[in-house]
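Colleague: With these hints in hand, go ahead and build the complete structure from the sequences.
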Amino acid sequence: MARNPRLTQKIVQAVLWAMTGTTVLILIFIVAFILRRGLPEVGLGFLTRPPENMGAQGGIFPTIVGTLALTLIAILIATPLGVGTAIYLTEYTRESRLTRIIRFGAECLAGIPSILFGLFGFILFVTKLKLGWSILSGGLTLSFMILPTIIRTSEEAIRSVPAAYREVSASLGCTKWQTVSRVVLPSALPGITTGVILSVGRSIGETAAVIFTAGSALHLPTSLFSSSRTMAVHFYILAREGISMPNAYGTAAVLVVTILLINVASYTLMHRFIRKYS
Amino acid sequence: MTRLERNDRLVRLALLMIAFSAVSILIVITVFIFSEGTPVMFRHGPGRFLLGLDWYPSEKAFGLLPMIVGSFVVTAGALLVGVPLGLACAVVLTQFASKRMGRILKPAIELLAGIPSVVYGFIGIVVIVPLIRDNLGGPGLSVLAAAIVLGIMILPTVISISVDAFQAVPSAYREGSIALGATVWQTIHMVLLPAARSGIVAAVILGMGRAIGETMAVIMIAGNAAAIPGSPLAPVRTLTSNIALEMGYASGEHREALFATGVILFVIIMALNTLANRASSRRKG
Numbered sequence: 001m002a003r004n005p006r007l008t009q010k011i012v013q014a015v016l017w018a019m020t021g022t023t024v025l026i027l028i029f030i031v032a033f034i035l036r037r038g039l040p041e042v043g044l045g046f047l048t049r050p051p052e053n054m055g056a057q058g059g060i061f062p063t064i065v066g067t068l069a070l071t072l073i074a075i076l077i078a079t080p081l082g083v084g085t086a087i088y089l090t091e092y093t094r095e096s097r098l099t100r101i102i103r104f105g106a107e108c109l110a111g112i113p114s115i116l117f118g119l120f121g122f123i124l125f126v127t128k129l130k131l132g133w134s135i136l137s138g139g140l141t142l143s144f145m146i147l148p149t150i151i152r153t154s155e156e157a158i159r160s161v162p163a164a165y166r167e168v169s170a171s172l173g174c175t176k177w178q179t180v181s182r183v184v185l186p187s188a189l190p191g192i193t194t195g196v197i198l199s200v201g202r203s204i205g206e207t208a209a210v211i212f213t214a215g216s217a218l219h220l221p222t223s224l225f226s227s228s229r230t231m232a233v234h235f236y237i238l239a240r241e242g243i244s245m246p247n248a249y250g251t252a253a254v255l256v257v258t259i260l261l262i263n264v265a266s267y268t269l270m271h272r273f274i275r276k277y278s
Numbered sequence: 279m280t281r282l283e284r285n286d287r288l289v290r291l292a293l294l295m296i297a298f299s300a301v302s303i304l305i306v307i308t309v310f311i312f313s314e315g316t317p318v319m320f321r322h323g324p325g326r327f328l329l330g331l332d333w334y335p336s337e338k339a340f341g342l343l344p345m346i347v348g349s350f351v352v353t354a355g356a357l358l359v360g361v362p363l364g365l366a367c368a369v370v371l372t373q374f375a376s377k378r379m380g381r382i383l384k385p386a387i388e389l390l391a392g393i394p395s396v397v398y399g400f401i402g403i404v405v406i407v408p409l410i411r412d413n414l415g416g417p418g419l420s421v422l423a424a425a426i427v428l429g430i431m432i433l434p435t436v437i438s439i440s441v442d443a444f445q446a447v448p449s450a451y452r453e454g455s456i457a458l459g460a461t462v463w464q465t466i467h468m469v470l471l472p473a474a475r476s477g478i479v480a481a482v483i484l485g486m487g488r489a490i491g492e493t494m495a496v497i498m499i500a501g502n503a504a505a506i507p508g509s510p511l512a513p514v515r516t517l518t519s520n521i522a523l524e525m526g527y528a529s530g531e532h533r534e535a536l537f538a539t540g541v542i543l544f545v546i547i548m549a550l551n552t553l554a555n556r557a558s559s560r561r562k563g
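If you're matching them up, the sequences are chains A and B in order. Under our numbering, think of the first position of the first sequence as 1, with each following residue one higher. Under our numbering, think of the first position of the second sequence as 279, with each following residue one higher.
Please note: incorrect hints may appear among the correct ones.
To be verified - Partial selection, computed: residues in chain B whose CB lies under 8 Å from chain A:
id, residue
1, Leu282
2, Ala300
3, Val301
4, Ile307
5, Leu383
6, Gly487
7, Ala522
8, Gly540
9, Met548
As the list claims (entries may be wrong) - DEER-style ranges, computed between Cβ atoms:
id, chain 1, residue 1, chain 2, residue 2, range
10, A, Pro40, B, Tyr451, 48 to 56 Å
11, A, Asn53, B, Gly415, 30 to 38 Å
12, B, Ser376, A, Thr48, 41 to 49 Å
13, B, Ser559, A, Ala217, 43 to 51 Å
14, B, Pro317, A, Val264, 45 to 53 Å
15, A, Val264, B, Arg411, 30 to 38 Å
16, B, Gly530, A, Thr222, 27 to 35 Å
Unchecked claim - Below, computed lysine-lysine pairings styled on DSSO-like, alpha-carbon distance capped at 30 Å:
id, chain 1, residue 1, chain 2, residue 2
17, B, Lys338, A, Lys128
18, A, Lys176, A, Lys276
19, B, Lys377, A, Lys276
20, A, Lys276, B, Lys384
21, B, Lys338, A, Lys130
22, A, Lys10, B, Lys384
23, A, Lys10, B, Lys377
Since the hints were made in silico from the structure, they are not lab data. Think of the CB as a built atom: it goes at the ideal place given N, C-alpha and C, for glycine as much as any other residue.
Modeller: Structural data, given as structure tokens:
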């Protein structure tokens, strides 16, 4: 039987659209499921009160503080390193063996599973450097993990700054660094910020790398050296040990809303950036 | 002027040093994990680690074969779920979807990548595991549950890299095929898929790496029994879960054996990265 290519085309197109629709539905289902069961648990008290009974009652305030502290440290360390690498790769060198090594290193680092970052952070920061389970150990480990993302997004952002900007700056007698720091970087800033925001999202959601480096103490952290539980770790412990399903749903809802906001922010910023240069 | 020039040279030097941060971190991680994990392997013999069937850390039996098989079985399942869905999305995004549709689909897929793995694991426990237990039998915590959840988790990786692969195909290929009277689907499977093949291979390999490396979601839904699973409904323990489950309380040789598990995981991931790198550079070269 000769197949009719036009009919095949119609059928295939319908099947592919259905599969794409399924993917989107899965996403909507996950978000809706968590928000519908979790949001009713979230109130001002949930966000501002400390947990009681290992999290069975009370709120999640210390875990919010812990999450913010860890993320802040990770970003403060990884951003200068990542942006610096991107500047070197784009402005200070041609494609060579050296840049290939640097890129391959960043790519490999991006592929390393978070549990291995956790193992590494545990052995180096927690044990060898005697920082213990602490915000500092966790933040350092996270900074290594998000570095490849920041390098890649900053490199793309810097590359998309039109060459004319650099030429004009150079023709006015500016040195390389003056051009980079006063012309290229300000123009690339929205793109770089997008990468940083995405890394914030990744840090907030990370569990495996954090649980073995920052620990899981439930009290409010008082210094860089106190152990602290992040929201994601708290959620994991609540759900896995069956401590409290309502509080697990509530914590999950806070996590998902935060991730949603972060994605919307980075997407609008990126869009504005792209529109400016195309 | 000389001050400025000297400044410029200093900045260049500083940036060069910073540029090596990623490579140096990679090297330090490799050194630490290997130096913690390999001595115990050689003390007991690598064969007993890699091919041993029994994992009883308290009796110094460190056989990792069930976890190695577990990781690959779960990953194969994840690819069965994730690759067809992912490729379909990539084809629709690059060939069928209007610009406006793309503006909805792309952020949706990015959001899928942003959802924390513990949330996926949780959805697995409260939705997928009961579904399997009630309809197919068994404990529910199983290879199948892990494969489904991981299949969804690798979608963003598979989609974004295969979208790049499709977009890298020169548009003249597509136009030529359409001009010869081929339908869009004929063009896709006879022209675009072969032309984008190496990129798609890279997408699959990196998706595989993502699935093998995933930890928290798998721990929550796979059941974690340290034995080779006999069926898709049997529980399974992966290399990553083996580390995460026992790291909290392990000490001495037991802890070293967990680092040895990390060494095996590391080698698998690096091999996959290198393969993916080869596959995608063949496209450019």
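Colleague: Now tell me, hint by hint, if it's right for this structure.
Modeller: Against the structure, the hints:
At a threshold of 8 Å, the smallest CB-CB gap from B:Leu282 to chain A is about 5 Å, leaving the interface hint in force. Below 8 Å, beta-carbon pairs count as interface contacts, and B:Ala300 has one with chain A at about 4 Å; its hint therefore holds. Annotation: B:Val301 was flagged as interfacial toward chain A, and the flag holds, the nearest CB pair being 3 Å apart, inside 8 Å. Satisfaction of the interface hint for B:Ile307 is found here, the shortest Cβ-Cβ separation to chain A being roughly 5 Å, below the 8 Å cut-off.
At a threshold of 8 Å, the smallest CB-CB gap from B:Leu383 to chain A is about 7 Å, leaving the interface hint in force. A distance limit of 8 Å between C-beta atoms decides the matter here; for B:Gly487 the minimum to chain A is near 5 Å, and the interface restraint holds. Given the 8 Å rule on beta carbons, the hint for B:Ala522 holds: about 6 Å separates it from the nearest Cβ of chain A. Residue-level restraint check for B:Gly540 holds (minimum Cβ-Cβ distance to chain A is 5 Å; threshold 8 Å).
A hinted interface residue such as B:Met548 counts as satisfied when its beta carbon comes closer than 8 Å to some beta carbon of chain A; here the least separation is about 7 Å, so the hint holds. A C-beta distance of roughly 53 Å is found between A:Pro40 and B:Tyr451, which places it inside the suggested range of 48 to 56 Å. Judged by the Cβ atoms, the range 30 to 38 Å given for A:Asn53 and B:Gly415 holds: they are separated by roughly 36 Å. Against the hinted window of 41 to 49 Å, the Cβ-Cβ separation of B:Ser376 and A:Thr48 comes to about 46 Å, which satisfies the hint.
The supplied range of 43 to 51 Å is met by B:Ser559 and A:Ala217, whose beta-carbon atoms lie about 46 Å from each other. Between B:Pro317 and A:Val264 the C-beta distance comes to about 49 Å, which sits within the given range of 45 to 53 Å. Distance hint check: the CB atoms of A:Val264 and B:Arg411 are about 37 Å apart, consistent with the given range 30 to 38 Å. For B:Gly530 and A:Thr222, the Cβ-Cβ distance of about 32 Å falls inside the hinted range of 27 to 35 Å, so the restraint holds.
As the CA atoms of B:Lys338 and A:Lys128 are separated by approximately 25 Å, the hinted pair is consistent with the 30 Å bound. Only pairs whose Cα atoms come within 30 Å are accepted, and A:Lys176 paired with A:Lys276 is accepted, the gap being roughly 24 Å. Distance hint between B:Lys377 and A:Lys276 is fulfilled; the C-alpha atoms sit about 18 Å from each other, no more than 30 Å. For the hint linking A:Lys276 to B:Lys384, the alpha-carbon distance of about 20 Å falls within 30 Å, and the restraint holds.
A hinted pair counts as satisfied when its Cα atoms are at most 30 Å apart, and B:Lys338 with A:Lys130 qualifies at roughly 28 Å. Using a Cα cut-off of 30 Å, the hinted pair A:Lys10 and B:Lys384 holds, with the two alpha carbons roughly 24 Å apart. Note on A:Lys10 and B:Lys377: the hinted pairing holds, with a Cα-Cα distance of about 20 Å set against a maximum of 30 Å.
Comparing the model with each earlier hint shows no violations; every hint is respected.
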